[in-house]
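Line by line, the protein sequences give chains A and B. Under our numbering, think of the first position of the first sequence as 38, with each following residue one higher. Under our numbering, think of the first position of the second sequence as 8, with each following residue one higher.
Keep in mind the hints are simulated off the structure, nothing from the lab. The structure displayed is predicted, hence computed values, not measured ones. Heads up, the beta-carbon is just placed ideally off N, CA and C, and yes, glycines get one too. Warning: the hint list may mix true and false statements.
What the hints assert, rightly or not - For lysine-lysine, the following DSSO-like pairs were computed, each having C-alpha atoms within a straight-line distance of at most 30 angstroms:
no., chain 1, residue 1, chain 2, residue 2
1, B, 116, A, 94
2, B, 10, B, 76
3, B, 106, B, 76
4, A, 94, B, 10
5, B, 106, A, 55
6, B, 116, B, 10
7, A, 94, B, 76
8, B, 10, B, 106
9, B, 106, B, 116
10, A, 55, A, 94
Claimed, not checked - Chain B residues, not near chain A, derived (Cβ > 12 angstroms throughout):
no., residue
11, 52
12, 90
13, 119
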Amino acid sequence: EADIYQTPRYLVIGTGKKITLECSQTMGHDKMYWYQQDPGMELHLIHYSYGVNSTEKGDLSSESTVSRIRTEHFPLTLESARPSHTSQYLCASLGAGMNTEAFFGQGTRLTVV
Amino acid sequence: DAKTTQPNSMESNEEEPVHLPCNHSTISGTDYIHWYRQLPSQGPEYVIHGLTSNVNNRMASLAIAEDRKSSTLILHRATLRDAAVYYCILREAHSGTYKYIFGTGTRLKVLA
Numbered sequence: 038e039a040d041i042y043q044t045p046r047y048l049v050i051g052t053g054k055k056i057t058l059e060c061s062q063t064m065g066h067d068k069m070y071w072y073q074q075d076p077g078m079e080l081h082l083i084h085y086s087y088g089v090n091s092t093e094k095g096d097l098s099s100e101s102t103v104s105r106i107r108t109e110h111f112p113l114t115l116e117s118a119r120p121s122h123t124s125q126y127l128c129a130s131l132g133a134g135m136n137t138e139a140f141f142g143q144g145t146r147l148t149v150v
Numbered sequence: 008d009a010k011t012t013q014p015n016s017m018e019s020n021e022e023e024p025v026h027l028p029c030n031h032s033t034i035s036g037t038d039y040i041h042w043y044r045q046l047p048s049q050g051p052e053y054v055i056h057g058l059t060s061n062v063n064n065r066m067a068s069l070a071i072a073e074d075r076k077s078s079t080l081i082l083h084r085a086t087l088r089d090a091a092v093y094y095c096i097l098r099e100a101h102s103g104t105y106k107y108i109f110g111t112g113t114r115l116k117v118l119a
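Can you build the whole structure from these sequences, using the hints too?
If you want it as structure tokens, here you go:
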């Protein structure tokens, strides 16, 4: 079973609020990722990190920001939530080497009203 | 970024084999072919991966064409729990990390 956790699982929040989605993994993986997925649609990479203090923007532009202060923790923050941010956010981690697999969290389903 | 092409949906009867195709004509020599599946309301989970040779594990088999421009995920006996969206992904090396670029995937429906 994957040791990667996302909290909260579901979040309904008002417009303009600041929110942080948590992602933690206990596998010591250096590489971590955030994806955004609308219902029935594909996953889009919005942020990734290949270690502490390194973060990069993904292929889909996002108003969210991320930080990587500790290996096991990769939180995503929205400074001012808007209805257009309503989506599912999935976190993943990947170990070293080419012959490894990525582990995904259960996701956070965010609704901004 | 290298892309993959998969049929939008497929159907299978329970207990029968399923062959899920994937085209990746722009694959480079260092790209691994990964398959993940996403069950309803879940994050994706790893199924299988390979580079050049066919691969088998407890979940599935992966058949890779000799020119590596296509591959097929084989579920030997589909069950209702295999109903999911199956993603074929090329794992690219980029800037010291590896980016997983997801396509639209194939939605597999398993009929009882």
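Hints versus structure:
For a cut-off of 30 angstroms, the pair hint linking residue 116 of chain B to residue 94 of chain A is broken: about 35 angstroms separates their Cα positions. For the hint linking residue 10 of chain B to residue 76 of chain B, the alpha-carbon distance of about 11 angstroms falls within 30 angstroms, and the restraint holds. Simply put, residue 106 of chain B and residue 76 of chain B have alpha-carbon atoms about 19 angstroms apart, close enough for the 30 angstroms limit, and the pair holds. A threshold of 30 angstroms between alpha carbons decides the hint, and for residue 94 of chain A with residue 10 of chain B the separation of about 19 angstroms falls inside it, so the pair holds.
Proximity of residue 106 of chain B to residue 55 of chain A is assessed by CA-CA distance (about 28 angstroms); at most 30 angstroms being required, the pair is judged to hold. Taking the CA atoms of residue 116 of chain B and residue 10 of chain B, the gap is about 24 angstroms. The hint holds against a cut of 30 angstroms. The straight-line distance between the Cα atoms of residue 94 of chain A and residue 76 of chain B is roughly 29 angstroms, inside the 30 angstroms bound, and the hint therefore holds. A hinted pair counts as satisfied when its Cα atoms are at most 30 angstroms apart, and residue 10 of chain B with residue 106 of chain B qualifies at roughly 12 angstroms.
Of the pairs offered as hints, the one joining residue 106 of chain B and residue 116 of chain B holds, with about 28 angstroms between alpha carbons and a cut-off of 30 angstroms not exceeded. Straight-line distance between C-alpha atoms of residue 55 of chain A and residue 94 of chain A comes to about 20 angstroms, which keeps the hinted pair within the 30 angstroms bound. Distance check on residue 52 of chain B: its Cβ comes as close as 7 angstroms (rounded) to a Cβ of chain A, failing to clear the 12 angstroms threshold; non-interface status is violated. At roughly 14 angstroms, the least C-beta separation between residue 90 of chain B and chain A is larger than 12 angstroms, which holds for a residue marked as non-interface.
The beta carbon of residue 119 of chain B is kept farther than 12 angstroms from every beta carbon of chain A, the shortest such distance being approximately 23 angstroms.
Violated hints, in rising order: 1, 11; the structure is consistent with all others.
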